[in-house]
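Student: Take a look at the letters that make up each chain.
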Amino acid sequence: MAVLRKMTAAVAFAFAATGAQAQISGDVIKIGVMNDMSGLYADIGGPGSVIAAKMAVEDFGAAKKGMKVEVLAADHQNKPDVGSTLARQWYDVEGVDVIVDVPTSSVALAVNQVTRDKGKAFLVTGAATSDLTGKACSPNTIHWLYDTWMLANGTGSAIVKTGGDSWFFLTADYAFGHALERDTAEVVKKNGGKVLGAVRHPLSTQDFSSFLLQAQASKAKIIGLANAGGDTINSIKQAAEFGIVQAGQNLAGLLVFLTDVHGLGLKTAQGLILTEAWYWDLNDSTRAWAKRFAKQHGGKYPSMDHAGVYSAVIHYLKTVEALKTDDGTKVIAKMKATPTDDPLFGKGSIRQDGRKIHPVYLFEVKKPSESKGPYDYYKVRATIPAEQAFRPMKDGGCPLVK
Amino acid sequence: MTEIFGIPTVALFGQLLIGLINGSFYALLSLGLAVIFGLLNIINFAHGAQYMLGAFCAYLLLEKAGIGYWWSLLLAPIIVGITGLVIERTMLKQLYKLDHLYGLLLTFGLALIIEGLFRNEFGSSGQPYPIPAELAGGKNLGFMFLPVYRGWVIFASLAVCLGTWFLIEKTRLGAYLRAATENPQLVQAFGINVPRMITLTYGFGVALAAFAGVMAGPIYQVSPQMGANIIIVVFAVVVIGGMGSIMGSIVTGFGLGLIEGLTKVFYPEASNTVIFIIMAIVLLIKPAGLFGTQK
Chain B
0 MAVLRKMTAA VAFAFAATGA QAQISGDVIK IGVMNDMSGL YADIGGPGSV
50 IAAKMAVEDF GAAKKGMKVE VLAADHQNKP DVGSTLARQW YDVEGVDVIV
100 DVPTSSVALA VNQVTRDKGK AFLVTGAATS DLTGKACSPN TIHWLYDTWM
150 LANGTGSAIV KTGGDSWFFL TADYAFGHAL ERDTAEVVKK NGGKVLGAVR
200 HPLSTQDFSS FLLQAQASKA KIIGLANAGG DTINSIKQAA EFGIVQAGQN
250 LAGLLVFLTD VHGLGLKTAQ GLILTEAWYW DLNDSTRAWA KRFAKQHGGK
300 YPSMDHAGVY SAVIHYLKTV EALKTDDGTK VIAKMKATPT DDPLFGKGSI
350 RQDGRKIHPV YLFEVKKPSE SKGPYDYYKV RATIPAEQAF RPMKDGGCPL
400 VK
Chain X
0 MTEIFGIPTV ALFGQLLIGL INGSFYALLS LGLAVIFGLL NIINFAHGAQ
50 YMLGAFCAYL LLEKAGIGYW WSLLLAPIIV GITGLVIERT MLKQLYKLDH
100 LYGLLLTFGL ALIIEGLFRN EFGSSGQPYP IPAELAGGKN LGFMFLPVYR
150 GWVIFASLAV CLGTWFLIEK TRLGAYLRAA TENPQLVQAF GINVPRMITL
200 TYGFGVALAA FAGVMAGPIY QVSPQMGANI IIVVFAVVVI GGMGSIMGSI
250 VTGFGLGLIE GLTKVFYPEA SNTVIFIIMA IVLLIKPAGL FGTQK
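Protein chains in written order, with numbering that gives the first Met the number 0: chain B, 0 to 401; chain X, 0 to 294.
Check before you lean on any hint, since a few could be wrong.
[What the hints assert, rightly or not] Taking lysine-lysine and the DSS-like style, the derived pairs with C-alpha atoms no more than 30 Å apart in a straight line are:
#1 K96(X) with K366(B)
#2 K366(B) with K378(B)
#3 K220(B) with K63(B)
#4 K63(X) with K294(B)
#5 K266(B) with K96(X)
#6 K63(X) with K290(B)
#7 K63(X) with K366(B)
These are calculated hints, taken from the structure and not from any lab test.
For clarity, every value in this text was computed on a predicted model and none was experimentally measured.
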């Protein structure tokens, strides 16, 4: 009798659980911020992304609307196996509904697959590979901030047009570096330039002297740095030491963040041309947010990744509020159908292949004399409108696009 | 232009020279580790963190006190060496009678704490540290452009390494030290203050790491990660050279730097792993290391 009662209760619970499909799972929206908390990309995302996510939850007013939102954080250590195990554990055990950030393209591709298998949501701001809206596109993923195609066509195109027509690549030997090298090589060739060679270095290399020597030997006019974070900083610093620029070659930092410029110092970084999707000093709204962020982040100003996390979480919460469910596939579909609007990026939209589009900016790093305060590093060279900044949807090879 | 295996000899010599420069750092760091292990039987996992501390000490001396590179070369090892003395006196002392493993765990934990604290404070992108004016610029050697500072690195580390080897192997103080580790009771019976020698030796090993850190500051970013990145390779170097052998770690350090340099030319993707492959081979053939003696 007791067993029968228990079984009835269990069955009743099971029905109750399945009946609750139009509701928030577990009554709590759990947002998982996964990124590199301790390695070469930790300043780009790291703990700052957690702060940005929490600011988004606060500004959205979740508490006042009676929605329970929790932000979790974890370190994927730039390893795809760690990332996918973490994603599985979060989705299956902890009930996380959406994962945000995830720099390091190899990890992002792994999490992209896990999210798709489990029907959850993935808002990737940190990773760069344009494959996320190309052959790896998924109905559960939105590529929020930037990608290798945009970088290649921003920085790469600008440099080729000013005469840099022979290139040698210094590439981080994993998914991101390969994607960036591939997209930039295409741009170079399309504009009539030549690619003289490439050398692939392991991720998180301390010493670039040997690779820079090979780049020098190639006699290419431009040395393209298809790497990021600590690797880019080390490459640029050591290139200065080896007199590469004095000898007549120029460096192209294909992916440079504000935090990298801060790590290099303006003396070394001045004159660098780079493309970013956001900068704290663009308008009053971004400035105000940046100052609020800096107060919580030990005085360090936000990178574009932090701004991306904030913007993505706000749009996600608005969509969940409207749909009244946190089912990943449904929420992503609705997010794509709804235009975005937040204090940092203004108005934007998300395409069918999962690519969010917004204007991007070609920046030049100021000279030390031109900088009037901490983190005052960039001057705007050009604004690339949203429609031109990203790869046309038909060229991506995304199976979702009919 | 002559070519070896498809690489012009000119480019090859440039790479070998760079390999030698990297080898200098490996040699300096593995020397400190070998001294500490060979004489004290402690596996000092905090060595990488102490290397990082040396670099940060130089950075902070410059930022806060305006003290330049040359003084930092002297002061930073002393300051970090003193912290080493404190660690030895307060924590490591208790572990001598226990298994090696406890020393390893303690120093590993210390490394994580130190690196975490610095990362919390300074972030991971690193701080810029300028090359001192006297060593700036470079010489065009014909086959490559050698920055003067990197040439200085080879010279300084060779000098320090050989000086340390001389101190330990050829002087009376070194003899006391080696005797004290072989048979502490007997040496103490002769009136030599063994515990103090051990403390000072640990401090000296740590100071060597800090010295390497100051030298690394101008060319690698001064970042909380710098120790973690290099310490694993240095352990491999020490294992290959023979855990207790001073000369072994110096020779192996420079040698492996050269081999790594060559790998970067012929197959750069493997440059991270070649040292471990060599370590595996050496351990299979000669488990005590190339210069080590079976204890």
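Student: With reference to the structure, classify each hint as holding or not holding.
Tutor: Evaluated hints:
For a cut-off of 30 Å, the pair hint linking K96(X) to K366(B) is broken: about 59 Å separates their Cα positions. Restraint check for K366(B) and K378(B): satisfied, since their Cα atoms lie roughly 10 Å apart, inside the 30 Å limit. Of the pairs offered as hints, the one joining K220(B) and K63(B) is violated, with about 57 Å between alpha carbons and a cut-off of 30 Å exceeded. Annotation: proposed proximity of K63(X) to K294(B) holds, straight-line Cα distance about 23 Å (limit 30 Å).
Straight-line distance between C-alpha atoms of K266(B) and K96(X) comes to about 53 Å, which puts the hinted pair past the 30 Å bound. Distance restraint check for K63(X) and K290(B): the Cα-Cα separation of roughly 26 Å lies within the 30 Å cut-off, and the hinted pair is therefore satisfied. Taking the CA atoms of K63(X) and K366(B), the gap is about 24 Å. The hint holds against a cut of 30 Å.
Comparing the model with each earlier hint shows violations of hints 1, 3, 5; every other hint is respected.
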